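**Student:** Here is how the chains run, residue by residue.
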Amino acid sequence: MKIIKTLLVIFLIMSLSQLKAIEKNEELKNKILKNIRCLICQGQSIYDSESDFAYSIKLIVDKKINENYSEKEIYEFLRQKYGDWIIYNPKLNKNTYILWLLPVLLFLLGGAIIYRNIIIKKN
Amino acid sequence: MKNKNNLFILFFFLSFCFVVFYKGLNNSNTYIPKTDDKKSVPIFKAISLYSNSYISSEEIFKKNNFYLINIWASWCAPCKKEHPFLMELSKDKSLILIGFNHRDNFDNAKKFIKKFGNPYSQILIDDGTLSVEFGAYGVPETFIIDKNKVIIKKFVGPINQDILKEIKLIIE
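The listed protein sequences correspond, in order, to chains A and B. Sequential numbering from 1 applies to the first sequence in the working numbering. Sequential numbering from 124 applies to the second sequence in the working numbering.
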């Protein structure tokens with residue numbers, strides 16, 4: 001009887017940890033799918049889309065997660081197949097440098113103007 | 124002097140905004156696939172429609188020939204339109220045609236082949252992942268693979284007379 005109880009507890013613990021792993025994978029999958037653009041339906045992520053293309057991408061993301069690919073590796077895989085356009089969060093390159101650098105430049109410019117004005121007022 | 128500086132900054136800022144928006148408006152906001160990107164054939168394993176057994180990409184591309192990968196489905200109307208062109212291409216001995224049957228009912232796929240003819244030397248079942256491995260995003264799509272096992276050309280949409288001529292020129 002004791003052996004059965006122990007086995008039951010072990011089985012329960014194993015099932016729980018497996019459930020947790022599945023939940024974790026599902027969270028990661030949803031996070032990735034929300035950051036991938038549906039190429040045939042405008043303004044929709046793969047997560048929101050029901051298109052044939054979205055279905056294929058959902059399958060491949062699931063497959064790659066099960067093959068222990070990291071989030072970064074999955075984005076890189078998709079980028080190699082479809083280019084930067086497929087990812088909502090684009091990499092810094094010649095087409096996106098304005099997007100990345102403009103906020104920093106404006107921040108620095110604003111800071112410089114404020115600093116100059118304060119110094120002028122003090123003097 | 125101060126006003127002159129402010130005016131210059133304002134002019135510079137407005138010009139900059141104009142250039143950015145002008146450039147942005149000219150950019151397409153839809154996905155345009157690259158059709159001339161040269162990529163190696165991905166490594167994959169897939170189930171054959173007729174033998175129902177797994178075949179690896181090494182086994183498929185072992186011959187020193189040009190290969191044509193065609194993604195098709197029995198439910199896809201443009202696939203019916205391009206089928207006669209595929210039948211014509213299958214007569215060329217230097218080209219091996221491989222069909223990826225994309226998310227289809229197997230019986231319908233077999234009926235399609237029986238009705239319109241089989242241009243493929245191998246038909247593989249594609250649940251959607253196989254076409255993603257090749258960077259496809261719709262049906263039909265066609266890829267030309269050279270003797271070095273490099274994808275040299277991609278055709279989005281059905282094959283027509285012009286594409287047929289282009290493929291024949293490539294494999295010549």
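I should point out that these hints are in silico values taken from the structure, not numbers from a laboratory. What you are looking at is a predicted structure, and each value in this text was computed from that prediction instead of being measured. Please note: incorrect hints may appear among the correct ones.
With a straight-line Cα cutoff of 25 Å, these simulated DSS-like cross-link-like pairs (lysine-lysine) come out [to be verified]:
id, chain 1, residue 1, chain 2, residue 2
1, A, Lys91, B, Lys162
2, A, Lys81, B, Lys233
3, A, Lys81, B, Lys214
4, B, Lys234, B, Lys203
5, B, Lys146, A, Lys91
6, A, Lys63, A, Lys94
**Student:** Next pair to validate is A/Lys81 with B/Lys233; report whether the Cα-Cα distance is within 25 Å.
**Tutor:** 30 Å, violated
**Student:** Hey, A/Lys91 versus B/Lys162, does the alpha-carbon distance stay inside 25 Å?
**Tutor:** Status holds; Cα separation ~21 Å.
**Student:** With the threshold set at 25 Å, check whether the alpha-carbon distance from A/Lys81 to B/Lys214 stays at or below it.
**Tutor:** At roughly 31 Å apart (the allowed maximum being 25 Å), B/Lys214 and A/Lys81 break the hint.
**Student:** Verify the proposed pairing of A/Lys63 with A/Lys94, using a straight-line Cα cut of 25 Å.
**Tutor:** 32 Å, violated
**Student:** Is it true that the CA of B/Lys146 sits at most 25 Å from the CA of A/Lys91?
**Tutor:** This hinted pair holds, its Cα atoms lying about 19 Å apart.
**Student:** Hint check: B/Lys234 vs B/Lys203, CA-CA at most 25 Å. Holds or violated?
**Tutor:** Given that 25 Å is the threshold and the Cα spacing comes to 12 Å, the pair holds.
Hint compliance for this structure: hints 2, 3, 6 are broken, all remaining hints hold.
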